[in-house]
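Q: One letter stands for each residue in the lines below.
There are 2 protein chains.
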Amino acid sequence: MTYTVEFLPSGRSVTVNEGQNVLKAARHAGLHINASCGGTGVCGKCRIQIESGGLAGGISEKLSKKEIQEGIRQACTSTVTSDVTVRILDAATLQKGQLSTAVPQRNRAGKHLFNIDELRETGLFSPPVEKFFLELPRPSAGDHRSDATRLIHAMTQQYDERHMQIGLNVLRRLRQTLREDDFRVTATLARPVNQESRSRLLQVQSGNWSKRNFGLAVDVGTTTIYGQLIDKESGEILAEGGTYNKQISYGEDVISRMIYAEKGEGLSHMHQLVCQSINEVIARLLARHKVDREEISSVTLAGNTAMTHLLLELEPHNIRRAPYVPVSNFYPPIRATDIGLELGSHAIALMYPAVSSYVGGDIVAGVMGSGMYRTEETTLFIDIGTNAEIVIGNREWLASAACSAGPAFEGGGILHGMRAAAGAIEDFSLDPQSLEPMLLTIDAKPARGICGSGLLIMIAELFETGVLDQRGRFLRSLDNPRLRSGRSGYEYVVVWEQDAGIDQDIVLTEVDIDNFIRAKGAIHAGIQTLLTEVGLSVTDLDRVILAGGFGSYIDLDSAITVGLLPETDTGKILYVGNGSLMGCRMSELSNHIRKDVVSAMQRMTGFELSEVPAYREHYVASLFLPHTDSTLFPQTQARRLQRMARTES
Amino acid sequence: MTYTVEFLPSGRSVTVNEGQNVLKAARHAGLHINASCGGTGVCGKCRIQIESGGLAGGISEKLSKKEIQEGIRQACTSTVTSDVTVRILDAATLQKGQLSTAVPQRNRAGKHLFNIDELRETGLFSPPVEKFFLELPRPSAGDHRSDATRLIHAMTQQYDERHMQIGLNVLRRLRQTLREDDFRVTATLARPVNQESRSRLLQVQSGNWSKRNFGLAVDVGTTTIYGQLIDKESGEILAEGGTYNKQISYGEDVISRMIYAEKGEGLSHMHQLVCQSINEVIARLLARHKVDREEISSVTLAGNTAMTHLLLELEPHNIRRAPYVPVSNFYPPIRATDIGLELGSHAIALMYPAVSSYVGGDIVAGVMGSGMYRTEETTLFIDIGTNAEIVIGNREWLASAACSAGPAFEGGGILHGMRAAAGAIEDFSLDPQSLEPMLLTIDAKPARGICGSGLLIMIAELFETGVLDQRGRFLRSLDNPRLRSGRSGYEYVVVWEQDAGIDQDIVLTEVDIDNFIRAKGAIHAGIQTLLTEVGLSVTDLDRVILAGGFGSYIDLDSAITVGLLPETDTGKILYVGNGSLMGCRMSELSNHIRKDVVSAMQRMTGFELSEVPAYREHYVASLFLPHTDSTLFPQTQARRLQRMARTES
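First to last, the sequence lines map onto chains Z and F.
Residue numbers for the first sequence follow the working numbering, so the first one is 1 and each next one is one higher.
Residue numbers for the second sequence follow the working numbering, so the first one is 1 and each next one is one higher.
Treat the hints with care, as some may be off.
Unchecked claim - Which residues of chain F face chain Z? A partial, calculated answer using Cβ under 7 Å:
1) P139
2) A141
3) A148
4) L168
5) S197
6) D253
7) R321
8) P323
9) V325
10) V327
11) P332
12) E611
Stated by the list, open to error - The list that follows gives simulated cross-link-like pairs (lysine to aspartate or glutamate, EDC-like), each with its CA atoms no further than 20 Å apart:
13) F:K595 x Z:E196
14) Z:K211 x Z:E161
15) Z:K263 x F:E180
16) Z:K595 x F:E196
17) F:K246 x F:E342
18) F:K290 x F:E342
19) Z:K572 x Z:E294
20) Z:K290 x Z:E233
21) F:K263 x Z:E180
22) F:K211 x F:E161
23) F:K246 x F:D231
24) F:K66 x F:E51
The set of hints was computed from the structure by calculation and includes no laboratory data.
All values reported here derive from a predicted model rather than from experimental measurement.
We put the beta carbon where it would ideally sit given N, CA and C, even for glycine.
Just chain Z, same shape as in the assembly (with noise of 0.2 Å):
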């Protein structure tokens, strides 16, 4: 059920989901409401009045009887359960239209990939491990072909399949198998990169199992490893669910894991702790649909170069030394089991190639996975996170590149920062006046931090309100006991101590904002540099695609108006969400991909940032809010002195 929520003064509207609270119904309408200890009741600032309809909730010791009587209530609290009329009370209502783009729109062309059907229609559904059924004449006294020959002449009579190799472990038991079912077998198929090349029969099962044929995505990423269980036949989605990654107890980063790698048995345990995590995976996996273990045929992966290289126990020691040479970027189609994954003997493991150290397979399979390799127009591609992966192209070139971020946007470096877990503030805006916030946290927990997301909009709108200015500063000439000198600095009073689920203020600090200005100028630099490289620039941009959990969630408007992202239509920026595991499923669905990512590969050129001389100058360009150069942001700019002039008056 939906309902409608009239919010007075200002007459505007929005349609919700039964159960909404009031609080973010505001938000969706594009509406402050004071509110800065994150919507969970216990400021008491985010008071409206019922006019017509009804609520459920929203009341607290925070109101009076007689409050409550005259239908006063506390909006982060209160839940939509019928069409509503409220009057905001505490706030200023100021007109924040652009807020309402908040949540990016969902990326179409990522989308029409997993369209079964069309990628059937097209011919591009064939997955990697095809199974056959077969029924082969017995041998008898004018029929003396092999058990070998005999599959496949039927594999080629039934199914024009041809020029496949066998396998000493099939030709093993393919006596016993071929009988089993009086000569009713079915054969499992892995197709080659190359259609010149020869099939490999991975596995003869008696029976007709050619309905049972499952494969596995899975994306081992530095923190998390996420999977997904796919029906090969359908092309569905099974299950998907993902774990930490066991590695993380030698460090968050890369880095301190390929040093680690580096001594005694050091590699060997990291390809272990890596295993592990995706054998987890994988067993949570089958546990939650009735699919057994063998039935697995392949598994396609990918990851950053290091974790892959971690994975396969290829030596990492060069990714992290000048020159920076990985020891392979391509990588042969594995047995699942020679690289510890619990899956069956015949099972193939698919890794996704690297286009360099910094630029890894999961970024690889983001670009294969987006389509932007196979389009004509001309695409951005980033990964934000500690490192930001940038690919710019389309099915003509394709150029990509990395630029250390910094873990800014996962809330590294930021005194008050965290990860996106509950309580997390995930949205902020001001009245310009008081300079009282509207929070929201990650499961309207009680305020703990600041994540990543929270963090660029939080900067974004103090800079649009005039409270920060181009360098991040905050104006010192504003008198406002939210404003104050801490011991990192001068800093802003997010949430007060009695209004926190930390024993302290959480606040925004000119060095958390520094760091931040540096994180999102190492990337704005990356994205110019690169453009620049390849002769182009912000305008020649048909579509920008954000891969990532970062990505999805950040507030495009936001991370234009501080210059992460170029200023560009936001009707052209896409997300992708885990683009590596969409990748991965691609390659599950559609060997295709294969031959593609070799030659989309062999179209990639691959720039070291550091070694382009114009990088430090676009760097250091990109270190004010937006950018020192502010015609590269006309819109922003007039809306920053639209809003600042708003306030003033």
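Knowing the structure of chain Z, use the given hints to seat chain F on it.
A: Showing chain F alone in chain Z's frame:
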């Protein structure tokens, strides 16, 4: 040194090597000297008198002092030390010119294949595994290629090698290997069967090892494992040698081993035994040469279909059961260690494919090694053993069949039959009047029995001199102590007990002769049937190639006289010795053979003789000496009549 020996009264002379014994010299001259102890000086019959020149030895207690002074010697223990003229004293000196061709002529075509220069000139010299020395550019700020890409690019630039696969094992060691000798490395590359497929990088070593590339050729025989160590750079055989197949303790024939393999761990045990035997041969070959186990990069093996199955641990159950279906006729390239060979982990094992359950990889190797599959000449290739495998064809077509000859040619089913070992009678001629034999035994040891090639000569000689009739019966009319009725029927005493190396008379019985006739009949019928099936007759054969130990040693005239081989110009008959081994060596030196073998197999029609009605008729007609239809053997017939007439006169 060579000397001339002149024999009186015939005046024939022969040139022999220094140290040759005079009995053998007489044999080479085509002269008969009674010598019934096999040339050990025991019977004292082979007396000669020196007329001029001198001899060493030849003196025993059988000779009086006076006789010795007169220059009388025993031929069998006299050795030639100068030009000499001797007179044969006791023996009738029969004209036996036809025996001068007793040693089959060599197969020039076969030798051609081992002319390394010619292989090189025709571009056919290309081992399946090659080594390449590379000096790679070091990684630098402008050159971030991965270790693997760096290597592949160098292979392309320096050797025009493209499209290679690198396995995980090579990648895992690559970083260190490249840096051990400053990016100077040797790459070991395995060629695919088809040029379109990718090569496989088996190994990378630091430093220059490109000249240390060795291979093994191994004939996996039912009785003997025989191997050659091959320098793949020069093409030369560095060492060769063999050992018994340890499986022999579970039965001399393959059938009993296959039966054993069906029980419990029998297959695994059979596999281990043959592996141990091969490993023993490998160890011996390596010990003889300064070649390290790790320097062997490939091994090509060939064996009959049952042996191949036992070596690869493929279930042989249906090979011996109608309709006689092997698990597979083709075998993938295998990591040598995967089948238990004690070689480096990078070494590959190539196994010759089979045609059917009874025409195995050993025969295919022989066909390939002999080159018959690529000449215009229509060739009959025949490998005679317990089973005789027959291949007829040329570069346009090939037809094959196997017939069960039984063990007669290996001494089985023959009362005094034995293997070709010391003391085995290997040559025989007969004084048709006295029925006294001239015997030669292997190693000139006291006679202990009759080996296959000796049996063949003996039966041919007895038949040609009219002592045996067409049905293989001794002429009852002959009154001679050497012809008598024995325990197993009528028999000829070849060696009296006092002259023998065993405690009884060595005899040849009519039962023995029956067994022999059935064996030769099966083979002759096989040849006739195959010729009929392809619409040819004996006169259409341009060449006959004999493979196998037996084929190498038999006297061609005897073989034709008894009807084992069809009557044809003996000049057309060649022998290749161990054809299987030759084919394996070919494969180690010329990768083209692997592609050729696939297309040859596609042109090959395998006949199952038991299913060809005409075979039975041909067989019954072949149970005579030489054949029921004597018009098939006109020259044999004529020669016999001529000899018999001379004897009677």
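Q: Now look at each hint and say whether the structure bears it out.
A: Now for the hints, and whether the structure bears them out:
1. Checking F:P139 against chain Z by beta carbon gives a least distance of about 4 Å; that is within 7 Å, so the hint holds.
2. Interface hint status for F:A141: upheld, as the beta-carbon distance to the closest one in chain Z is roughly 5 Å, under 7 Å.
3. This hint holds: F:A148 has a C-beta 4 Å from the nearest C-beta of chain Z, less than the 7 Å allowed.
4. The closest approach between the C-beta of F:L168 and any C-beta of chain Z is roughly 6 Å, which is under the 7 Å cut-off, so the hint is satisfied.
5. Because the beta carbon of F:S197 sits about 6 Å from the nearest beta carbon in chain Z, less than 7 Å, this interface hint is met.
6. A cut of 7 Å between beta carbons decides the hint on F:D253: the least distance to chain Z is about 21 Å, and the hint is violated.
7. Contact between F:R321 and chain Z, as hinted, is not supported at the beta carbon level, the nearest pair being about 10 Å apart and thus beyond 7 Å.
8. Interface restraint check: F:P323 against chain Z, minimum CB-CB distance 5 Å, threshold 7 Å, status holds.
9. Satisfaction of the interface hint for F:V325 is found here, the shortest Cβ-Cβ separation to chain Z being roughly 4 Å, below the 7 Å cut-off.
10. For F:V327, the interface hint holds, the least distance from its beta-carbon to any beta-carbon of chain Z being 5 Å, beneath 7 Å.
11. A cut of 7 Å between beta carbons decides the hint on F:P332: the least distance to chain Z is about 6 Å, and the hint holds.
12. About 6 Å separates the beta-carbon of F:E611 from the nearest beta-carbon of chain Z, less than 7 Å, and the hint is met.
13. Simply put, F:K595 and Z:E196 have alpha-carbon atoms about 16 Å apart, close enough for the 20 Å limit, and the pair holds.
14. Under the criterion of a C-alpha separation no larger than 20 Å, the hint pairing Z:K211 with Z:E161 is consistent with the structure, at around 18 Å.
15. Under the criterion of a C-alpha separation no larger than 20 Å, the hint pairing Z:K263 with F:E180 is consistent with the structure, at around 18 Å.
16. Between Z:K595 and F:E196 the CA atoms are separated by roughly 16 Å; this keeps the pair inside 20 Å, and the hint holds.
17. The suggested pairing of F:K246 with F:E342 holds, with an alpha-carbon distance near 16 Å, which does not exceed 20 Å.
18. For the proposed pair F:K290 and F:E342, the alpha carbon gap of about 17 Å is at most 20 Å, so the pair holds.
19. Annotation: proposed proximity of Z:K572 to Z:E294 is violated, straight-line Cα distance about 44 Å (limit 20 Å).
20. A threshold of 20 Å between alpha carbons decides the hint, and for Z:K290 with Z:E233 the separation of about 15 Å falls inside it, so the pair holds.
21. Annotation: proposed proximity of F:K263 to Z:E180 holds, straight-line Cα distance about 18 Å (limit 20 Å).
22. A threshold of 20 Å between alpha carbons decides the hint, and for F:K211 with F:E161 the separation of about 18 Å falls inside it, so the pair holds.
23. Note on F:K246 and F:D231: the hinted pairing is violated, with a Cα-Cα distance of about 28 Å set against a maximum of 20 Å.
24. Proposed proximity of F:K66 and F:E51 is supported: the alpha carbons are some 16 Å apart, at most 20 Å.
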